[in-house]
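Protein chains: 2
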Amino acid sequence: MGFWKTWFSTSEANSTTRTTPSEEYAVETVGNSDLNGVGEVHQQETRIVFSTERDLDLYELEELCDSVGWSRRPLRKVKKAIEHSFLVASMWQVRGNKRRLIGFARATSDHAFNATIWDVVVHPDFQAKGLGKALMKYVLKKLRSEEISNVTLFADPHVLDFYRGLGFMSDPEGIKGMFWYPH
Amino acid sequence: MGFWKTWFSTSEANSTTRTTPSEEYAVETVGNSDLNGVGEVHQQETRIVFSTERDLDLYELEELCDSVGWSRRPLRKVKKAIEHSFLVASMWQVRGNKRRLIGFARATSDHAFNATIWDVVVHPDFQAKGLGKALMKYVLKKLRSEEISNVTLFADPHVLDFYRGLGFMSDPEGIKGMFWYPH
Ligand SMILES: CC(C)(COP(=O)(O)OP(=O)(O)OC[C@H]1O[C@@H](n2cnc3c(N)ncnc32)[C@H](O)[C@@H]1OP(=O)(O)O)[C@@H](O)C(=O)NCCC(=O)NCCS
Ligand SMILES: CC(C)(COP(=O)(O)OP(=O)(O)OC[C@H]1O[C@@H](n2cnc3c(N)ncnc32)[C@H](O)[C@@H]1OP(=O)(O)O)[C@@H](O)C(=O)NCCC(=O)NCCS
Numbered sequence: 001m002g003f004w005k006t007w008f009s010t011s012e013a014n015s016t017t018r019t020t021p022s023e024e025y026a027v028e029t030v031g032n033s034d035l036n037g038v039g040e041v042h043q044q045e046t047r048i049v050f051s052t053e054r055d056l057d058l059y060e061l062e063e064l065c066d067s068v069g070w071s072r073r074p075l076r077k078v079k080k081a082i083e084h085s086f087l088v089a090s091m092w093q094v095r096g097n098k099r100r101l102i103g104f105a106r107a108t109s110d111h112a113f114n115a116t117i118w119d120v121v122v123h124p125d126f127q128a129k130g131l132g133k134a135l136m137k138y139v140l141k142k143l144r145s146e147e148i149s150n151v152t153l154f155a156d157p158h159v160l161d162f163y164r165g166l167g168f169m170s171d172p173e174g175i176k177g178m179f180w181y182p183h
Numbered sequence: 001m002g003f004w005k006t007w008f009s010t011s012e013a014n015s016t017t018r019t020t021p022s023e024e025y026a027v028e029t030v031g032n033s034d035l036n037g038v039g040e041v042h043q044q045e046t047r048i049v050f051s052t053e054r055d056l057d058l059y060e061l062e063e064l065c066d067s068v069g070w071s072r073r074p075l076r077k078v079k080k081a082i083e084h085s086f087l088v089a090s091m092w093q094v095r096g097n098k099r100r101l102i103g104f105a106r107a108t109s110d111h112a113f114n115a116t117i118w119d120v121v122v123h124p125d126f127q128a129k130g131l132g133k134a135l136m137k138y139v140l141k142k143l144r145s146e147e148i149s150n151v152t153l154f155a156d157p158h159v160l161d162f163y164r165g166l167g168f169m170s171d172p173e174g175i176k177g178m179f180w181y182p183h
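In order, the protein sequences belong to chains A and P. By full-length UniProt numbering, the letter at position 131 of the first sequence is numbered 131, and the numbering carries on one by one without gaps. By full-length UniProt numbering, the letter at position 108 of the second sequence is numbered 108, and the numbering carries on one by one without gaps.
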């Protein structure tokens, strides 16, 4: 029962979300045709759950990022980044009392005008099923509920169409994303 | 002396800057050829001072933003944005015991990997003198001292070259800035 306890409790670290615990996640039932039900009398239901809980297992998150080939980052810095993000969104596959982290996204913000979304990822086993879109819609809903009027991100060329499908525009009115790296 | 007291004190609201007060600003002496020294025995020295102090007069800041034609924003939200920015940088013209806010910039961040710079502005009376560049260098120095490895911003088309001159690259490796507005 430990898992559910964690699941339904509010994150105290999450100072930005002023919603009640029951709004902290949305539940969607997905088709379970890919479940191996052989030998089971009752086929278990698979659900996809979204959360803004920040108390993530950093090793589980690292595994998720590894699965899409992202280069490793020091866990100490990942921890700090999660603490200081305005929004941390995770997506879970839940079967009975087992859960698996299958998606993640976070956003920095000034809590007033702008938010910038970083580190959007869906595990390859779960890609191309509409789950990335569902995760992003969850993120946008949360940001909108905080009255953020300008949501931005920096998109790799191969995911431009993914974000366009969600209503993001690239270079509106010629505004360009720019990067500076220390030297 | 009230001004100098404010000036040299550390901002308690500023939880991100771990520098000592004496590092909170840099002083540059600029040419004072535009000073009207007539009738004065001792011509007053004009200095440009940079600060990360957050305790700004919001009306003075609004005036600065007005001067470059930006649309007004609710002061309540500006206050919140300043509180929740990672870095708030201001530039002042100081003459004797008088000071004037002549430049501003701020950055959001996850305190670990990324920072995004917003609201870069220099008063028209002080533009094209190298002060915007000096302000941005001050901002970059501060971000670098916090080990931020990825500094980003969204640039209007007419200021792309200003940022390029500071080492910013637009769309590196095809990465595009994208925007989403609530509907
Ligand atoms: C990008 C990513 C999050 C998309 O998640 P996903 O679950 O596969 O996406 P979905 O199934 O929800 O796709 C939603 C829509 O976007 C489209 N789409 C998804 N990935 C796409 C891509 N790489 N290029 C173009 N369109 C894409 C889908 O075709 C679908 O379109 P539809 O609504 O018209 O059917 C996921 O592929 C991923 O994690 N990739 C690796 C990490 C990464 O590159 N992150 C982005 C860094 S900027
Ligand atoms: C953009 C702005 C901050 C620049 O400040 P500034 O003090 O005028 O700039 P500087 O004098 O330091 O200029 C530094 C360099 O950038 C160049 N530069 C300045 N403004 C430029 C512009 N609009 N387009 C192209 N180059 C520009 C200068 O020629 C100078 O080049 P150099 O180093 O080769 O001599 C200022 O003009 C401003 O506040 N503009 C209005 C607000 C705005 O548009 N902000 C940016 C929003 S994204």
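To be clear, the hints were calculated from the coordinates, so they are not data collected in a lab. Any given hint might turn out to be false.
Since the list gives no way to pick one copy over another, a pair counts as held whenever it fits inside one copy or between any two copies.
Simulated crosslink set (SDA-like; lysine to any residue; CA at most 25 Å straight-line) [stated by the list, open to error]:
#, residue 1, residue 2
1, 137, 183
2, 176, 66
3, 98, 157
4, 141, 84
5, 77, 175
The structure displayed is predicted, hence computed values, not measured ones.
To see whether the hints hold, each was checked on the structure:
1. Proximity of residue 137 and residue 183 under a CA criterion of 25 Å is satisfied inter-copy only: 13 Å between copies versus 37 Å inside one chain copy.
2. In this assembly of identical chains, residue 176 and residue 66 lie within 25 Å of each other by CA distance solely across copies; the values are 23 Å between and 29 Å within a copy.
3. Taking the shortest Cα distances, residue 98 and residue 157 never come within 25 Å of each other, neither inside one copy (35 Å) nor across copies (50 Å).
4. In this homomeric assembly, residue 141 and residue 84 come within 25 Å of each other (Cα to Cα) both inside a single copy, at 20 Å, and across copies, at 21 Å.
5. In this assembly of identical chains, residue 77 and residue 175 lie within 25 Å of each other by CA distance solely across copies; the values are 23 Å between and 30 Å within a copy.
Hint violations for this structure: number 3 only, all remaining hints satisfied.
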